[in-house]
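**Q** Residues per chain, in single letters:
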Amino acid sequence: MFRSFVNLSSRVSGRNFTFGSWAGCAAVCGLIFLSALPPITKAQFVATAKVNQEIISPFAGLKNFGKWEIEIANRSDEDVPATVTVYSVDGEPISQKSVELGRNRISRIDIHDLLSHEASRHQADEVGEISVEATAKPFAIAAQVTLSEHHGGFGNIDSILLPDAMFPSNTMDAVWWQPQDGKSFLIVANSSTENLAAEITFGSGERESLTLGAKAMRLIAGPNLRPDKSAQSVHVTANGLPGSLRVSGYTVSEPNAYLDVIRAYDPAASSGPTIYANGLHFSNAQNHLVVKNLTGSPINVWGTLYPLGSSGQVGDVEIPKEFFPPYATAELNLPPGNNLLDGAALKLESSGGAASFVATYVSHGQIIHMTRSMPFKDIGDRSNARGGYPWRLDGNYESHTYITNVGKVRAAYGAFIDPNRGERYVIDTLFLEPGETSIIDYRKLRDEKVADRNGVVISKTADSGEVQWFPLFFDGSQHFIGRTEVVDSSTGIASSFSCGSCPCNPNVNSAYTSPSSVTVSYGQTAPVLVKATMRDPCNINSIPDMTFIPTSWSVPPYFTMTAGSSPSTLKGVAPGSGLYITSFTTQDWVYNPFQNPQCSSSTRINTPEGTGSVRLPAQLLVIGDTTTFTASCPNTKVRILAYQVQDSTSTDIKSNILTREQFASKSANTCGTTITTSETCSGTPSGIIHDTLSVGCNSVGNGCGFTYTKQQWVFCNGGTSSVIGTVGDLIVHDNSISVGGSTASIKNKVIKP
Amino acid sequence: MGILFRAFFGTTLIAFGLFQSSTPNEGTTGTVTGVVIDANGTGIPDAKVYDQPMGSVRMGKDHFATTDQQGRFTLTDVSAGKTMIIATKTEAGYPDGRYAVFTGNESSPIVEVHSNQESSNVVVKLLQKGGVILGKIVDKGTNQRVAQARVILARVDHPAWSLETDPENDGTFEFVVPSVPMHITVNAEGFRTWKYEESSLSKNHAPLVVGSEKKVTLEVELERNN
Numbered sequence: 001m002f003r004s005f006v007n008l009s010s011r012v013s014g015r016n017f018t019f020g021s022w023a024g025c026a027a028v029c030g031l032i033f034l035s036a037l038p039p040i041t042k043a044q045f046v047a048t049a050k051v052n053q054e055i056i057s058p059f060a061g062l063k064n065f066g067k068w069e070i071e072i073a074n075r076s077d078e079d080v081p082a083t084v085t086v087y088s089v090d091g092e093p094i095s096q097k098s099v100e101l102g103r104n105r106i107s108r109i110d111i112h113d114l115l116s117h118e119a120s121r122h123q124a125d126e127v128g129e130i131s132v133e134a135t136a137k138p139f140a141i142a143a144q145v146t147l148s149e150h151h152g153g154f155g156n157i158d159s160i161l162l163p164d165a166m167f168p169s170n171t172m173d174a175v176w177w178q179p180q181d182g183k184s185f186l187i188v189a190n191s192s193t194e195n196l197a198a199e200i201t202f203g204s205g206e207r208e209s210l211t212l213g214a215k216a217m218r219l220i221a222g223p224n225l226r227p228d229k230s231a232q233s234v235h236v237t238a239n240g241l242p243g244s245l246r247v248s249g250y251t252v253s254e255p256n257a258y259l260d261v262i263r264a265y266d267p268a269a270s271s272g273p274t275i276y277a278n279g280l281h282f283s284n285a286q287n288h289l290v291v292k293n294l295t296g297s298p299i300n301v302w303g304t305l306y307p308l309g310s311s312g313q314v315g316d317v318e319i320p321k322e323f324f325p326p327y328a329t330a331e332l333n334l335p336p337g338n339n340l341l342d343g344a345a346l347k348l349e350s351s352g353g354a355a356s357f358v359a360t361y362v363s364h365g366q367i368i369h370m371t372r373s374m375p376f377k378d379i380g381d382r383s384n385a386r387g388g389y390p391w392r393l394d395g396n397y398e399s400h401t402y403i404t405n406v407g408k409v410r411a412a413y414g415a416f417i418d419p420n421r422g423e424r425y426v427i428d429t430l431f432l433e434p435g436e437t438s439i440i441d442y443r444k445l446r447d448e449k450v451a452d453r454n455g456v457v458i459s460k461t462a463d464s465g466e467v468q469w470f471p472l473f474f475d476g477s478q479h480f481i482g483r484t485e486v487v488d489s490s491t492g493i494a495s496s497f498s499c500g501s502c503p504c505n506p507n508v509n510s511a512y513t514s515p516s517s518v519t520v521s522y523g524q525t526a527p528v529l530v531k532a533t534m535r536d537p538c539n540i541n542s543i544p545d546m547t548f549i550p551t552s553w554s555v556p557p558y559f560t561m562t563a564g565s566s567p568s569t570l571k572g573v574a575p576g577s578g579l580y581i582t583s584f585t586t587q588d589w590v591y592n593p594f595q596n597p598q599c600s601s602s603t604r605i606n607t608p609e610g611t612g613s614v615r616l617p618a619q620l621l622v623i624g625d626t627t628t629f630t631a632s633c634p635n636t637k638v639r640i641l642a643y644q645v646q647d648s649t650s651t652d653i654k655s656n657i658l659t660r661e662q663f664a665s666k667s668a669n670t671c672g673t674t675i676t677t678s679e680t681c682s683g684t685p686s687g688i689i690h691d692t693l694s695v696g697c698n699s700v701g702n703g704c705g706f707t708y709t710k711q712q713w714v715f716c717n718g719g720t721s722s723v724i725g726t727v728g729d730l731i732v733h734d735n736s737i738s739v740g741g742s743t744a745s746i747k748n749k750v751i752k753p
Numbered sequence: 001m002g003i004l005f006r007a008f009f010g011t012t013l014i015a016f017g018l019f020q021s022s023t024p025n026e027g028t029t030g031t032v033t034g035v036v037i038d039a040n041g042t043g044i045p046d047a048k049v050y051d052q053p054m055g056s057v058r059m060g061k062d063h064f065a066t067t068d069q070q071g072r073f074t075l076t077d078v079s080a081g082k083t084m085i086i087a088t089k090t091e092a093g094y095p096d097g098r099y100a101v102f103t104g105n106e107s108s109p110i111v112e113v114h115s116n117q118e119s120s121n122v123v124v125k126l127l128q129k130g131g132v133i134l135g136k137i138v139d140k141g142t143n144q145r146v147a148q149a150r151v152i153l154a155r156v157d158h159p160a161w162s163l164e165t166d167p168e169n170d171g172t173f174e175f176v177v178p179s180v181p182m183h184i185t186v187n188a189e190g191f192r193t194w195k196y197e198e199s200s201l202s203k204n205h206a207p208l209v210v211g212s213e214k215k216v217t218l219e220v221e222l223e224r225n226n
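The listed protein sequences correspond, in order, to chains G and D.
Numbering of the first sequence is given in my numbering, commencing with residue 1 and proceeding in unit increments.
Numbering of the second sequence is given in my numbering, commencing with residue 1 and proceeding in unit increments.
Since the hints were derived computationally from the structure, they do not count as laboratory data.
All clues stand as given, with none of them false.
Computed Cβ-Cβ distance ranges for the label pairs, DEER-style:
hint: 1; chain 1: D; residue 1: G190; chain 2: G; residue 2: P556; range: 47 to 55 Å
hint: 2; chain 1: D; residue 1: L134; chain 2: G; residue 2: K710; range: 33 to 41 Å
hint: 3; chain 1: D; residue 1: H183; chain 2: G; residue 2: S514; range: 55 to 63 Å
hint: 4; chain 1: G; residue 1: S722; chain 2: D; residue 2: E112; range: 37 to 45 Å
Which residues of chain D face chain G? A partial, calculated answer using Cβ under 8 Å:
hint: 5; residue: Q52
hint: 6; residue: M54
hint: 7; residue: S56
hint: 8; residue: M59
hint: 9; residue: G60
hint: 10; residue: R98
hint: 11; residue: T103
hint: 12; residue: L163
In the DSS-like style, the derived pairs of lysine-lysine whose C-alpha atoms are separated by at most 27 Å in a straight line are:
hint: 13; chain 1: D; residue 1: K203; chain 2: D; residue 2: K129
hint: 14; chain 1: G; residue 1: K654; chain 2: G; residue 2: K749
hint: 15; chain 1: D; residue 1: K136; chain 2: G; residue 2: K749
hint: 16; chain 1: G; residue 1: K666; chain 2: D; residue 2: K82
hint: 17; chain 1: G; residue 1: K50; chain 2: G; residue 2: K97
hint: 18; chain 1: G; residue 1: K710; chain 2: G; residue 2: K749
C-beta atoms are modelled at their ideal positions from N, C-alpha and C, and glycine is treated no differently.
Required output: the full structure, derived from the provided sequences and hints.
**A** See below:
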């Protein structure tokens with residue numbers, strides 16, 4: 001079902017992804033950590049507790065942008081009251097509004113509306129940070145600011161609101177590509193309530209020192225950057241508590257409608273030499289992959305592109321190794337723009353250790369001058385590989401969610417979609433091969449009325465919503481990355497959402513079979529599903545039951561069961577009843593923000609089971625009784641009986657079982673013809689026996705014939721054959737044929753053993 | 001087979017494509033191989049090939065072979081002696097030539113089968129394509145379906161060549177018949193005997209003739225006995 005909207009590319013054979021610890025995501029994932037701990041303490045913490053949390057973006061609005069918008073996602077199943085505060089560039093709160101965030105809903109707010117009361121006092125260029133505060137379950141709230149209509153025209157930049165605890169240090173690094181005629185602007189902000197001293201070092205070598213007051217923000221204009229160099233970088237350090245330094249910015253080239261956000265990463269959050277991005281765009285565009293060596297030693301950096309598409313259709317594309325001197329910034333050579341690479345995933349590797357490099361990938365359309373930049377992620381050693389993103393289809397918007405298996409093994413994910421109107425839509429267990437990407441196309445899902453496993457379709461009136469996805473049946477080896485891209489080509493807006501969620505994967509609460517008991521006739525089949533009730537370690541939301549695909553079953557000799565696909569198929573092979581059991585191991589995760597790592601796990605063995613019963617063929621139903629004459633001897637009568645094999649409940653057995661006939665005695669045949677019977681076991685296609693009765697061609701005539709007494713049909717079941725129908729005596733003459741004492745039709749008669 | 005005998009075999013006999021063995025007669029059986037063709041000489045795939053021994057009779061389960069994509073067949077376990085080899089493909093509109101009532105002008109080959117030997121290169125021609133009779137039996141008074149009935153087809157040119165069977169449980173029947181005049185009679189307990197020639201369906205009380213590859217639908221209205 002899902003293949004209809006999910007494009008898949010399978011990739012990566014025998015490649016060894018290296019998994020370090022969490023990295024790269026620091027500035028691109030909207031994970032909500034417990035930045036404001038009171039009133040919860042370590043001793044008090046339980047996953048069900050609501051906690052006070054604050055998330056912050058370094059900017060709420062910039063004067064060159066006409067449209068300022070904040071999207072706030074409540075991923076929990078409870079309504080959440082929240083407070084949105086907009087600060088001036090000097091850190092003074094200039095607007096504070098209470099908002100009610102509906103459960104499993106996206107709230108989209110025009111930031112100008114928040115400022116309406118203050119508009120007379122504060123000009124647009126005086127607006128600084130924006131924060132959202134709420135008391136809710138951990139990770140329930142995520143938000144992102146989008147500024148668009150640059151000088152009334154194209155493009156957008158985004159900023160995810162993050163908690164301070166997301167950042168382990170006060171050092172940020174960023175790289176970006178700048179068009180020759182472009183300008184870049186850096187945003188440096190202080191999210192704390194203490195003064196912050198920041199040191200800024202650009203790739204050009206220029207330095208600048210700043211002192212930022214509490215909640216203050218500064219926009220540093222382009223003259224500080226070298227316009228003659230396309231690959232740009234910046235390194236910013238600050239004193240104060242980790243997470244109080246926020247760095248962002250943008251690059252713009254108005255003639256080309258080029259507008260790209262500058263994403264900064266905290267290198268201290270990285271613990272591995274590999275980072276990933278997915279949903280890349282290539283065709284009809286200029287594409288740039290910029291890398292910076294963050295270390296004082298030379299490194300090599302190389303990459304691999306995993307194209308979308310069917311397995312083997314398009315080969316992996318290697319990005320050649322590039323040498324980077326200490327602290328050098330440069331572009332890597334990319335393959336030519338090619339639509340076969342659209343949607344591809346990218347892995348970048350460094351010969352250095354963790355935090356040895358940062359990267360950015362940007363694609364600028366040559367026809368539609370849309371700038372798309374893709375965030376990089378490090379899957380780290382955390383169990384987290386979950387996401388919760390908004391999507392929208394209103395106006396000219398299109399939304400696609402890209403989910404890539406960046407692990408080394410085949411792995412499954414599940415998801416649920418909560419549209420703003422209508423029922424929840426569930427994407428059940430969907431497997432991806434290593435390197436494979438699936439795409440959730442929301443418009444296609446909605447407009448083509450693609451039903452989910454329960455027949456639910458996304459309401460045609462739904463035009464926005466959120467999606468939450470997560471690995472399934474996690475045993476430690478599965479790793480995914482994901483993001484949603486929201487695009488409005490008419491205004492050049494391309495926003496990327498890659499907010500995380502609870503850092504621990506969902507647990508299997510209990511596994512069960514559906515149905516829990518099955519009764520089939522011999523040779524017949526029945527589907528059996530293995531389902532699991534799921535539990536979120538952070539208790540943000542209720543997760544629908546998901547389907548597990550067993551790799552093996554333990555079954556009694558009465559039936560067989562297929563494995564490796566869903567549903568499994570139970571097939572009756574012998575009479576009897578017994579348990580069907582499968583077993584699989586998962587990790588039970590416990591979330592505790594005061595631990596490092598925050599997710600601890602224990603092994604859980606799941607053994608869902610059910611009862612299967614097999615009924616044997618037990619009777620015959622006469623479904624046809626025809627009398628006629630053969631072509632070879634048209635004066636000799638032929639009677640053809642058709643029997644349907646049934647079980648003891650009068651249910652037809654449609655499988656090709658083995659049967660034979662037998663008789664108590666056989667008289668001489670006065671017609672003199674040789675009689676051949678079906679007294680050895682042979683197949684009975686569709687469970688139907690056609691029994692032809694005739695004396696055959698002869699020259700005797702005049703009522704010649706024979707009598708075979710007590711015809712019985714026998715089910716051949718190895719050494720335990722059983723009679724399934726005693727028809728009676730067959731009195732067969734050339735001019736009349738009696739079956740069980742009747743020369744008339746016996747159709748619809750049930751013949752018992 | 002499926003179309004022709006839906007009335008009494010159900011629909012499940014279509015092309016199961018497996019050779020069904022009967023009581024082995026090792027030493028008294030041989031093998032027949034050949035090809036099934038249509039009137040144009042084209043090999044016909046998925047046709048069933050039956051044997052009808054002239055001096056013996058095969059009781060019990062059906063015994064047949066199914067042709068491959070070129071129309072070739074291999075029919076094993078055929079009783080030694082003279083045997084008529086008959087091909088059918090009712091689902092494609094060819095009448096079932098195993099039964100006299102459906103035979104046409106074509107004649108099926110009679111092969112001499114020798115024990116433990118193969119009779120090869122037997123060419124079996126399908127009958128000329130026939131027409132289809134679709135019937136529905138109803139109580140004229142209530143318009144309710146009547147399933148407890150017997151439908152009798154008989155050739156006008158050979159009245160003894162007949163076939164008598166039951167309708168489906170919903171009172172319908174279906175036959176693929178050659179384009180020759182046929183008597184159709186329906187008997188049901190409690191009703192007067194219905195004959196096609198005597199019904200309003202017949203023009204000038206003529207028997208039914210269905211053209212090749214044509215289809216005729218009959219609504220058999222039974223009148224209750226007084």
